[in-house]
Amino acid sequence: MLGASKSSWLDWKWIGDNLQLIRSTLGEHLILTGLTLLLGVAVAVPVALASRRWRWLYPPVTSVAGILYTIPSLAAYALLIPYTGLGSRTTTVVPLVTYTLLILVRNIVTGLDQVPGPAREAAEAMGYSPRRLLVRVELPLALPAILAGLRLAAVTTVGLATVASLVGSKNLGWLMLFPGFQQGRRTPILVGAVLAVLLAAAIDAVFLAIERLASPWRRADGGQRRRVEPRAAA
Amino acid sequence: MSIASEVIDWFTEQSHWRGTFGVPHRLREHLYLAGASLGAAFVLTFPLAVWLGHRRKGAFLAVNVANIGRAIPSLAILLLAVQWLGLKEWPVVGSVTAWMALTALALAPILTNTYIGLRDVPDAVRESAAAMGMTGWQQALKVELPLALPLALAGLRTAAVQVVATATLAAPVGAGGLGRFIVDGLAVRDFATVVAGAILVAALAIVVDTLFALTGCRLLRHRAE
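As they're listed, the protein sequences go chains A and B. So in my numbering, the last one in the first sequence is 234, and the numbering has no gaps at all. So in my numbering, the last one in the second sequence is 225, and the numbering has no gaps at all.
Just chain A, same shape as in the assembly:
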């Protein structure tokens, strides 16, 4: 059962016979990723705004998020099983949301901090209330940084969600693991892996499009492509 078998990498007949299964695991993966990002933003935005108002909050918030981020995903899922059950969506989504927090909170705070002082002062001089300043000036200017965080969070989530198949989540990881690995079939592993990469790439492209639509001033250079910079891991 375990170990190399000589089954084909791309068995079109298997794919044809199991389209329904492939579609449902892909759908579940998309739902898990979407839920995670939604809940991640719902938690990260208030936390980021609070730690901007009360600066002393920021270091402890990032340390706690950092420790949560360090916990291996399989361990996090396993820890929740006695409370949220095997195979439930909660068991999968709660750890995934905690992993997005570090990335999202950090990017939102950094993005807001990078808003140029003159832009803020101009809005204040025009009589903007703090809330209006935040919604109309600061958040739009911080949007590229926030979306960069969302893109990173999305890619991470798609990858880590596959691991949840070990605790019963029927996502693309399940496709790789059970019809694939455990049955000694290579095609489902390859299909699951390729679809996971494509899903991550598609979500990335969607956020990139939103970023371009939402920050037209960044296209003032005639739509010239920004140079891709390697990002250091912090």
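Since the hints were derived computationally from the structure, they do not count as laboratory data. None of the values given here were measured: they were computed from a predicted structure. Treat the hints loosely; a few may be bogus.
As the list claims (entries may be wrong) - Taking lysine to any residue pairs in the SDA-like style, the calculated list, with each CA pair at most 20 Å apart, reads:
{"hint": "1", "chain 1": "B", "residue 1": "Lys88", "chain 2": "B", "residue 2": "Asn67"}
{"hint": "2", "chain 1": "B", "residue 1": "Lys88", "chain 2": "A", "residue 2": "Gln183"}
{"hint": "3", "chain 1": "B", "residue 1": "Lys88", "chain 2": "B", "residue 2": "Thr20"}
{"hint": "4", "chain 1": "A", "residue 1": "Lys170", "chain 2": "B", "residue 2": "Ser128"}
{"hint": "5", "chain 1": "B", "residue 1": "Lys88", "chain 2": "A", "residue 2": "Ile31"}
{"hint": "6", "chain 1": "B", "residue 1": "Lys88", "chain 2": "A", "residue 2": "Ser7"}
{"hint": "7", "chain 1": "A", "residue 1": "Lys170", "chain 2": "A", "residue 2": "Leu26"}
{"hint": "8", "chain 1": "B", "residue 1": "Lys88", "chain 2": "A", "residue 2": "Arg185"}
{"hint": "9", "chain 1": "A", "residue 1": "Lys170", "chain 2": "A", "residue 2": "Thr84"}
{"hint": "10", "chain 1": "B", "residue 1": "Lys88", "chain 2": "A", "residue 2": "Gln182"}
{"hint": "11", "chain 1": "A", "residue 1": "Lys170", "chain 2": "A", "residue 2": "Ser7"}
{"hint": "12", "chain 1": "A", "residue 1": "Lys170", "chain 2": "B", "residue 2": "Thr20"}
{"hint": "13", "chain 1": "A", "residue 1": "Lys170", "chain 2": "B", "residue 2": "Arg189"}
Once you have looked at the hints, place chain B on chain A.
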């Protein structure tokens, strides 16, 4: 009996600390596999990253290795590798295939961070070094590398935590390590073992992360004096 007291009982049970199925043995398997992967990734990547960063060339490589590494789920890498090559048991690392897969995973953070660290050393510093008559190698190793150290260490730390975390996934593909407790517990619905395994894995990851952070702090403080 509540799950918490079951888990406490699990940890106090003598037999869980002895033999091939005991915690010390599984911990050793985990650490050997993770350590060998981190070591191999360092040897493969670090000299290349120093050279590329010094020449300020190869940003394309650094970006793409990092991005591809992030996009392919690590579970997929392990499953594909084991399906392709088999487990191939070896002494020390346990499974050669898991070792290679984890090594591939650790390459990106070491490469990207070391590269950026050296590349971003200010021109003025490089020019001073050149003006003092340093050769290219001396510049790279005596000036740029020490300045790049904080970022390079951060990359090593990221890689270490990632490898320790992903070594857990060696268990579902048939290798050893602390992940075995989670996988074997799940197989028989023994949730005390599952949770105990999860606590061990989480604790190990946090300890490794902290150790790397402290080493980094000590190295850098020493230099500042």
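A quick look at each hint next to the structure:
1. Restraint check for B/Lys88 and B/Asn67: not satisfied, since their Cα atoms lie roughly 29 Å apart, outside the 20 Å limit.
2. Simply put, B/Lys88 and A/Gln183 have alpha-carbon atoms about 19 Å apart, close enough for the 20 Å limit, and the pair holds.
3. Using a Cα cut-off of 20 Å, the hinted pair B/Lys88 and B/Thr20 holds, with the two alpha carbons roughly 19 Å apart.
4. With a C-alpha separation of about 59 Å, the suggested pair A/Lys170 and B/Ser128 falls outside the 20 Å cut-off, and the hint is violated.
5. A C-alpha spacing of about 37 Å is found between B/Lys88 and A/Ile31, which places the hinted pair above 20 Å, so the restraint is violated.
6. Under the criterion of a C-alpha separation no larger than 20 Å, the hint pairing B/Lys88 with A/Ser7 is consistent with the structure, at around 18 Å.
7. A hinted pair counts as satisfied when its Cα atoms are at most 20 Å apart, and A/Lys170 with A/Leu26 qualifies at roughly 9 Å.
8. At most 20 Å may separate the alpha-carbon atoms for a hinted pair to count; B/Lys88 and A/Arg185 meet this at roughly 19 Å.
9. Note on A/Lys170 and A/Thr84: the hinted pairing holds, with a Cα-Cα distance of about 16 Å set against a maximum of 20 Å.
10. As the CA atoms of B/Lys88 and A/Gln182 are separated by approximately 17 Å, the hinted pair is consistent with the 20 Å bound.
11. Restraint check: the Cα-Cα separation between A/Lys170 and A/Ser7 comes to about 23 Å, which exceeds 20 Å; the hinted pair is violated.
12. Taking the CA atoms of A/Lys170 and B/Thr20, the gap is near 32 Å; set against the 20 Å cutoff, the hint is violated.
13. With a C-alpha separation of about 18 Å, the suggested pair A/Lys170 and B/Arg189 falls inside the 20 Å cut-off, and the hint holds.
In this structure, the hints that do not hold are numbers 1, 4, 5, 11, 12, in rising order.
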